[in-house]
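When you get a sec, could you build the whole thing from the sequences and use the hints?
Chains as they are written, first to last, in my numbering: chain X, 1 to 322; chain Y, 1 to 306; chain B, 1 to 282.
Hints are computed from structural coordinates only; laboratory data are not their basis. A quick note: this is a predicted structure, and the numbers were derived from the prediction, not measured. Heads up, some of the hints might be wrong.
To be verified - To give a feel for the contact side, a few chain B residues facing chain Y, derived at Cβ under 8 Å:
#1 54
#2 58
#3 136
#4 220
Unchecked claim - Computed cross-link-like contacts, SDA-like style, restricted to lysine to any residue with a CA-CA straight-line distance of at most 25 Å:
#5 221(Y) to 300(Y)
#6 122(X) to 300(Y)
#7 122(X) to 216(Y)
#8 125(X) to 106(Y)
#9 17(B) to 216(Y)
#10 221(Y) to 134(X)
#11 63(X) to 300(Y)
What the hints assert, rightly or not - Derived coverage of chain Y by chain B (criterion: at least 3 residues anywhere in the stretch with Cβ under 8 Å from a Cβ of chain B; other residues may be distant):
#12 149-156
#13 167-178
#14 235-246
Built from N, CA and C at the ideal position, the CB exists for glycine as well.
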Amino acid sequence: MAILEIKNLKAHFHTRRGVVKAVNGISYSIEPGQTLGIVGESGSGKSVSQLSYLKLLPSPPLKIPEGEVLFHGENILAMPEERLRTIRGNKISMIFQEPMTSLNPYLTIGSQLIEPLIIHLKKSKRDAWKEACAALSRVGIAEPEKAMKSYPHEFSGGMRQRVMIAMALTTRPEILIADEPTTALDVTVQAQILDLLREIQKETQMAIILITHDLGVIAGLADKMVVMYAGRIFEEGPVEKIFHQSEHPYTRALLRSTPRVDVLQDKIPVIGGSIPDLSQVGQGCPFYERCEFRTDICQSTFPTSRKIAHNHETFCHVEKFQ
Amino acid sequence: MGLTYILRRLLTMIPVFLLVVTLVFFMIRFAPGGPFSAEKKVPAQVLKNLEAKYHMDEPLIQQYFRYLRDLSRFDLGPSFKHSNRTVNEIIAEAFPVSMELGLISLCWALLIGISAGGLAALKPNTFYDYIPMSLSILGICLPTFVVGPVMVLIFGLWLNWLPVAGWNSWQDRLLPSLTLGFAYAAYISRLTRGGFMEIRHQDFIRTARAKGLTETQILLKHSLRGGILPVVSYLGPALAGIITGALVTETIFNIPGLGRFFIESALNRDYTVVMGTSLLYFTLIFVCNFLVDIVYVLLDPRVKYE
Amino acid sequence: MSNSLWSDAWARLQKNKLAVFGAIFLTLEILLCVLTPWIAPYGFETQNLELTLARPSFAHWFGTDNLGRDLFTRILYGGRISMAVGIIASLISVVVGVIYGAISGYVGGKTDTILMRIVDILYALPFIFMVIILMVYFGRNILLLFVALGLTQWLTMARITRGQVISLKQKEFVDAARSVGVKTRYIILKHLIPNTLGPVIVYLTLTIPSVILEEAFLSFLGLGVQAPMASWGTLISSGVEVMEIAPWILLFPALMLSLTLFSLNFLGDGLRDALDPKGARD
Chain X
1 MAILEIKNLK AHFHTRRGVV KAVNGISYSI EPGQTLGIVG ESGSGKSVSQ LSYLKLLPSP
61 PLKIPEGEVL FHGENILAMP EERLRTIRGN KISMIFQEPM TSLNPYLTIG SQLIEPLIIH
121 LKKSKRDAWK EACAALSRVG IAEPEKAMKS YPHEFSGGMR QRVMIAMALT TRPEILIADE
181 PTTALDVTVQ AQILDLLREI QKETQMAIIL ITHDLGVIAG LADKMVVMYA GRIFEEGPVE
241 KIFHQSEHPY TRALLRSTPR VDVLQDKIPV IGGSIPDLSQ VGQGCPFYER CEFRTDICQS
301 TFPTSRKIAH NHETFCHVEK FQ
Chain Y
1 MGLTYILRRL LTMIPVFLLV VTLVFFMIRF APGGPFSAEK KVPAQVLKNL EAKYHMDEPL
61 IQQYFRYLRD LSRFDLGPSF KHSNRTVNEI IAEAFPVSME LGLISLCWAL LIGISAGGLA
121 ALKPNTFYDY IPMSLSILGI CLPTFVVGPV MVLIFGLWLN WLPVAGWNSW QDRLLPSLTL
181 GFAYAAYISR LTRGGFMEIR HQDFIRTARA KGLTETQILL KHSLRGGILP VVSYLGPALA
241 GIITGALVTE TIFNIPGLGR FFIESALNRD YTVVMGTSLL YFTLIFVCNF LVDIVYVLLD
301 PRVKYE
Chain B
1 MSNSLWSDAW ARLQKNKLAV FGAIFLTLEI LLCVLTPWIA PYGFETQNLE LTLARPSFAH
61 WFGTDNLGRD LFTRILYGGR ISMAVGIIAS LISVVVGVIY GAISGYVGGK TDTILMRIVD
121 ILYALPFIFM VIILMVYFGR NILLLFVALG LTQWLTMARI TRGQVISLKQ KEFVDAARSV
181 GVKTRYIILK HLIPNTLGPV IVYLTLTIPS VILEEAFLSF LGLGVQAPMA SWGTLISSGV
241 EVMEIAPWIL LFPALMLSLT LFSLNFLGDG LRDALDPKGA RD
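What follows is the structure, encoded as structure tokens:
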């Protein structure tokens, strides 16, 4: 039973230069305890897809012209702001990419950590403080009482990200959205953070939506993945399946272009060209210009879903890749 | 931690202060046409007071220490021009008036400036933004001695709403303090708007929103501290400006404050009053800048570590 | 490379209507002030005791003051003083500030730290008091006034120059590594001057109104320009005295001063925006 179902979500930015279609019709769902990875290049719309329905992007430029986002069957997009606020940071929490700037430098860690507990769970300040300390221990921060009274700039990037995770988890959310949580961190710290997330997920059966451009991170944590490009989804399916038997030219090219440590490579195959201008996308497949398998119909119509298996689908006109 | 920072600041200020004080000593002593100079163009009674006070036959270095000792007792010496008054008496009478004017003006400046700037930041690029910001240009460009007379003309003479001279009733305080505060209100409104707009785009505001805080909670708890910092830094220069502006305001509105006395003394070449008042003002500015630094450190925890 | 910066800035400046207005107004004003001795309708001192405190009319565009002197003429002459103060004092501040800042930045090390600490401390003090004290001590000599006013503004100039010199010092070494001896100096001259010039010009256009303001302030209080000379400050002060019965004597000089300050500020802001490589902001 899916907790979150996104149906044909579109998010457009109305700028002076035109309408930028950052998210152009995406659909997927997530179950409890599942980790959904959203993979794509910069500009693919993967962050916007999550920020938009939580109304975390400035709304004059942003408009959501179409789509439904069902949380336990209820459409979030239609909710009034006060209702949405009870879900934000409570049932659906989010952590961001830049731990250095995502915490308020003028307030102590403690003061920021207890906010969700007081606001959503209506705890007293004392209880909230205790629970926040426990949360800090849980994410591996030594001397939590001292940490609570410290300021963000006294911590390293990895520690700050742990604090962010603790902050997101205090309310025992059903879904944790992690937007490039490890991109700004060292590789060793990355591994630690991912381990932490995995542990916590096992304990709490929390669903995780993991947004990243790093296929290694997906391989390490996600069960199911979605490949996004220029606001569209190209492929969806179990991580193992897609990594070994992708049925989409873009995904294949992406996988091919990942540097490998087990094979000698003279050149790393890159995908020639660049992402199209998102204010100029038409009805066709946005990968048309860069795709080696393109045909005429690709330019005029975006492909409908083609099911490879019961849980693996792809969006491509071409059926055989050789 | 924070204490070492404060001590360090004090240590840099003290030698500077001493330097200024020493300079003042020499300037009083070497004033042309003064009692210490060859041509003693000073009224006889004043000369007698000065000689009694300064023991002018003593070696210079002893005079200097006598001077420092007097200063530590807040004794600024006799007036050069008014033979029966000391500088301290003049200051004691006039300073409280100026202090009151300055404080009220500063209050206006902060009240109007922060509200206007805050509102503009809350609703940017709207009516609430354009109007105050355009008015603020007026405040920043126009000098007090232009704004003052014009205000007097409009509100005092033509509309007859407010009194234009004197310092008796509470209504007397209105026009002068608004005049003096106007320029600073203008600048503060811009700083506030700028400060809040800067904060608004920061990532941690997005985090706060993602945690489910209301816009008011975000404004009051998360934006306030950072947003108000530029205004806090400005308080030092603002004070210096208000002191300077008071010179003009007291003149225009006929207020018996220290500023007006200072100008009179400057025109009359009453050296001790001029130097004594300047010393007082410099000290005030030093102390206030120091306090502002402390407040800044309290608000921005990152500063301590520089 | 330097050329495209200037032409790009010029294009951006032209689009800024307020700055253009400011520039046009200032040019007209400077022209009027320079040509004053030839175009002023009356003598600066010419009194007409029959026609004191007269309203503006065809004969006297701005009216006359309490001694029957033509206000328009006096404003023109006052403008010459204000402009002169603005330019001369600002130039002094530029010279002092640039030399101080360049030395501090170039020499670096402890000297730099000390020199900049002095600047930090001086920043907090209201220079007007210093100027007043100087006036008290050395009499109200107009040349002294110019110099003293110039010295109130050099601090910012010093800071900017130092910043530029420091960032250029690093470039200089790269170039020096590639070239030999004499050529290095040319590179310094060729890069240092155009690169420092930008911010210096911008601050010059903001220094000039500050200085003009300070002079007017002092003159208003009687501590600046002395009779028989007049500047806008003294004219405004006389205007306040007769404000009730002849408000135009206050308003016209005040208007001229205000418009001049506006124009200079708009122009300065416009130049700063035009020369700022980051382009448009909020």
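Structure-based check of all given hints:
{"no.": "1", "hint": "54", "verdict": "violated, 19 Å"}
{"no.": "2", "hint": "58", "verdict": "violated, 25 Å"}
{"no.": "3", "hint": "136", "verdict": "holds, 5 Å"}
{"no.": "4", "hint": "220", "verdict": "holds, 5 Å"}
{"no.": "5", "hint": "221(Y) to 300(Y)", "verdict": "holds, 14 Å"}
{"no.": "6", "hint": "122(X) to 300(Y)", "verdict": "violated, 29 Å"}
{"no.": "7", "hint": "122(X) to 216(Y)", "verdict": "holds, 18 Å"}
{"no.": "8", "hint": "125(X) to 106(Y)", "verdict": "violated, 37 Å"}
{"no.": "9", "hint": "17(B) to 216(Y)", "verdict": "violated, 38 Å"}
{"no.": "10", "hint": "221(Y) to 134(X)", "verdict": "holds, 24 Å"}
{"no.": "11", "hint": "63(X) to 300(Y)", "verdict": "violated, 36 Å"}
{"no.": "12", "hint": "149-156", "verdict": "holds (count 4)"}
{"no.": "13", "hint": "167-178", "verdict": "violated (count 0)"}
{"no.": "14", "hint": "235-246", "verdict": "holds (count 6)"}
Hint compliance for this structure: hints 1, 2, 6, 8, 9, 11 and 13 are broken, all remaining hints hold.
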